[in-house]
Amino acid sequence: MSQAHVMFRAGGQSFAVASSLVHAIHDELVLQSVGDTKNWFLGLAVADGVLIPVTDLGSYLKLSPSSGRTLSISPDAGVGALRVDEVIGVDDTATMVSDAVLPLELQSSSELFSCSLDTKTGKHWVLDVPRLLQSKRFVDIGIDNSTDNGVSA
Amino acid sequence: MGVMLKLLFSNAVINQQSEFIKEPAVAPESIQQSISEHASSVMTLQRWLLSGRNTQEEAGVSLTMLQHLQRIGSSPLNEINWENYSDELSFLENAVESQIITTPEATTLIASLRADYAQLRARAVSGNEVIARTAESASVDSQSSLVQGQSLTPWLLTLLALLASALAAVAWLFYQMSQESAAEQPLLRTVDSRANQNAILQLLDEMEPLADGDLRVQATVSEAMTGALADAFNYAVTELRWLVGAINGSAAQVNESVGKTRESAKSLAQASGVQAREIHRSSNYLNVMSDTMAQLSAHAAESSRIAVDSVEQAQQGTQAINASVKGLVNIREQAQMTSRLMERLVDSSDAIKKHVNDIQRVAKNTDLLALNTTIRAAAATGGGETGELSRLSAEVTQLASTLRLATRDIAHLAGIIQQDAALTLSSVKKTNNELDAGHQKAIQASRSLKAIEAVSHDLQNQINDIAAKTLRQAGVVRQLSSNMGVINGITRDSAVGLQDAASDLEDLQIMANGLLNSVAGFALPETESDIAGSPTEGSPTEGSPHLTSSARVAKKIRAAVEVDHRSQAFAATKPPTSGIE
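If you're matching them up, the sequences are chains A and B in order.
Residue 1 is where the first sequence starts when you use this note's numbering, and the numbers rise one by one after that.
Residue 1001 is where the second sequence starts when you use this note's numbering, and the numbers rise one by one after that.
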């Protein structure tokens, strides 16, 4: 029995997230920017009465910036929201592939992708959301001019 | 003797007439030879008659015959000379019949002369037809031209006749006296008779130069029996001197005047010829001008027709432009209508776009709702299969996606429509502006065409006027050319008349020269001392054409007197035998 995944695109790449990790999809969130933060950190937004930080996934993955809908992460997995370009849909028929070769553009974030899904619309890399939310780089949103310019993990 | 005087007189008159009027027509050589032979026969007859005792008068007639033969030789066509010669030959024939001439040789010779005369005359007439015609033509021309010469001729002839009469009278007196002295010689040999004879011989000697045309002679007027005769002779010579001088002067004046007039007539004839040529050229130019004006009139008529066409074309153009203006107005109204419709289309497109946005928003929300529903359903199942709810959510998502795509296409099409409508509206507005400008231009063009129509109408009227006037002018020029032709004809006639007049004047000058030549033989005294001087110096010889018959008679008479003197001297040496021999 396969698991349902929410498939989306960001920074020119196709990704998938387990539907259980997604709380909701938001179309238009009112963002409140926060100063002295990394460029991939878009700010704070209120979604369903909860204040959540919103991160530009494309920029974070060092791809092109995203400008579409926002996926709010399930509270069970953590607090956060990812701005993506396009939500393709929910697919629970896709086959999981674990030995796929990661594209060169995603090599710098290879720890976030362990497998992929082959769907009718193509290959989708499965994003490890809990690892993302727990990673030091994702948490460290402030600008450290002396050591971290936000590029390295 | 009376007959001889009559013949002498008539011969003198005829001689002068012929010399004045006619130019001599020379006979052919053969006729001249025959005439010379005939003259030799006459001279033989004359010698026989002179040797006869009762044939002195006939000898004189034979001498006259010789003179006529000379004239016949120089003018064989002169009928008068032939007739006179025939009369004199008849006189001798009568003498034969009257037994005055009795010698057989003389009788035979006279008969032979009559036969030769007939042949000579026939040959002269047949062999000189051309000469005859020329001579007759010259005679007519001369008689018609020499008016002055004709007016002078009677005077001259009268005086010559008077002189001839005087000479004849002297000859008659001498003859009578010689006859009387011959008759009375045995009885009356007196000193008076001798003196009279000497007076007569002196008068004859003094008159002899006159025979050669010397008018410087002056007879001695004495108490002798020839005194009155010498006085009359001097008077006649004086008159003749004056007359010849007048003829010389008049002929010279006539010659000079005729020369000037002839030169003037020639100049006028040449000028008339030049004038005729110039008039002819001018007439040709006028003809060319007339033709050109006729062509100009034709061209003007053609231009008038073109102007009429231009007026009609301008009217048609005005009508077409008016129709175009109406069409433009309709087009502009339609364009304005289109513009309004396009504005409404743009508005409608805007409304569609708004609705499409709403639909897209609904579709987006639906899609979002379906995704969230699916995610909730998946969450409700613990992340496992979503089942029918998931498929329903997927279908809704698919429907929302389809709707979103459709609305996106609709929005895109609406945007295209809106853009096209905006472009069309702009184009229609631009077209409206251009229609307005075209409308204004069409109105301006209509006004211009009306102005062209008016100008063409005026042009047509002016061209018609020019054509009519040109046509009239061409008629006038043609009439002028015709008049020039008439003038040209008159001028040519005048030129011909002037040439004829010059020719006539030339003839007149020739006649005047002839008149001068005819009196050139007369010697006039240059001073009073020349009169009654020695006239023998420079006198014409016996062969001169001015040797008159009277002079020749005088010469013969003088020769006869000398013969008589010799016979008297011979008789004086013989003793008288009886009373009258």
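Heads up, some of the hints might be wrong.
Unchecked claim - Only pairs whose alpha carbons sit at most 30 angstroms apart, straight line, appear in this in silico DSSO-like list of lysine-lysine:
id	chain 1	residue 1	chain 2	residue 2
1	B	Lys1354	B	Lys1364
2	B	Lys1354	B	Lys1260
3	B	Lys1353	A	Lys120
4	B	Lys1353	B	Lys1364
5	B	Lys1469	B	Lys1450
6	B	Lys1429	B	Lys1441
7	B	Lys1364	A	Lys123
8	B	Lys1364	A	Lys62
9	A	Lys123	A	Lys62
Said to hold, decoys possible - Now the stretches of chain A that chain B is said to cover, found in silico as 3 or more residues with beta-carbon under 8 angstroms:
id	region
10	11-25
11	30-37
Treat the hints as calculated values from the structure; they're not laboratory data.
From a predicted model like this one, the values you see are computed outputs, not experimental measurements.
By construction, the Cβ of each residue, glycine as well, lies at the ideal position given by its N, Cα and C atoms.
Tell me, in ascending order, the numbers of any earlier hints that this structure violates. 2, 3 and 11
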